[in-house]
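A.B. asks: Sequences are here, hints too, so could you generate the full structure?
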Amino acid sequence: MGDFWPGNIMLSLGDGSSANTELEAIFVFDWEFATCAPTAFDLAHFAAELWLDARFNSQQGSQHGPLSQALLSAMFSSYRGSGLDIDMQKIIYYLAGHVCCFVKYAPRTDDSDLNKTVLGEAVLMMVRAKEERWEELSQDPIINSMLDVSGITTRQTTQRTAIVLVPNNLTE
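The sequence shown begins at 1 in our numbering and counts up one residue at a time.
Quick caveat, the hints were computed from the structure, so don't treat them as lab data. There could be a bad hint or two in this list.
[Stated by the list, open to error] Computed cross-link-like contacts, EDC-like style, restricted to lysine to aspartate or glutamate with a CA-CA straight-line distance of at most 20 Å:
id, residue 1, residue 2
1, 116, 132
2, 90, 121
3, 90, 135
4, 90, 148
5, 130, 85
6, 90, 140
7, 90, 136
8, 116, 22
9, 130, 113
10, 104, 121
11, 90, 132
12, 90, 131
13, 130, 87
14, 104, 53
15, 116, 140
[As the list claims (entries may be wrong)] Listed next, with one range per pair, are the computed distances between beta-carbon atoms:
id, residue 1, residue 2, range
16, 29, 77, 28 to 34 Å
17, 24, 112, 39 to 45 Å
18, 120, 12, 19 to 25 Å
19, 22, 132, 37 to 43 Å
20, 131, 109, 26 to 32 Å
21, 25, 130, 37 to 43 Å
22, 111, 78, 32 to 38 Å
23, 107, 131, 27 to 33 Å
24, 112, 13, 37 to 43 Å
25, 24, 131, 24 to 30 Å
26, 104, 28, 16 to 22 Å
27, 10, 57, 16 to 22 Å
28, 24, 73, 31 to 37 Å
Even for Gly, the Cβ is constructed at its ideal location relative to N, Cα and C.
C.D. replies: Take a look at the structure:
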């Protein structure tokens with residue numbers, strides 16, 4: 001299992017003053033799990049944490065957005081540049097699965113309506129990936145960053161699946 005996420009990154013920004021924010025170094029560490037994982041799982045875990053952060057901190061979304069997009073772009077570009085396969089369908093399945101598990105078992109808010117909404121968004125993300133509805137997926141800035149680097153051109157497909165979401169009790 002790969003579990004690389006933004007919490008594994010430390011940045012050294014200049015001398016620490018607000019006037020000097022030039023990036024001097026990036027450090028990557030992992031205190032808990034260090035193991036090999038499928039490319040899709042590692043990329044999805046990283047992207048899911050950024051997606052969750054942006055989704056649950058929407059009041060700060062404009063601040064998180066550009067940094068999250070830059071981090072994703074750099075990570076996906078590095079993977080792609082090394083010759084590793086980037087299977088966007090698998091990545092989005094894993095990303096959405098991660099979101100569902102973490103919202104259910106480690107919610108970031110006590111707002112059950114928001115948790116249900118986010119769960120529904122994750123399920124729709126899987127459906128759209130299955131049907132290769134990249135244009136719809138690209139409406140999300142985090143997903144769009146991944147699609148841009150993966151080389152997928154967004155296009156609308158004609159295949160559709162009717163889906164009805166009826167969330168169960170999230171506390172069970």
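A.B. asks: If you check each hint against the structure, which ones fail?
C.D. replies: Going through the list in order, the structure violates hints 1, 8, 9, 16, 18, 25, 26, 28 and respects the others.
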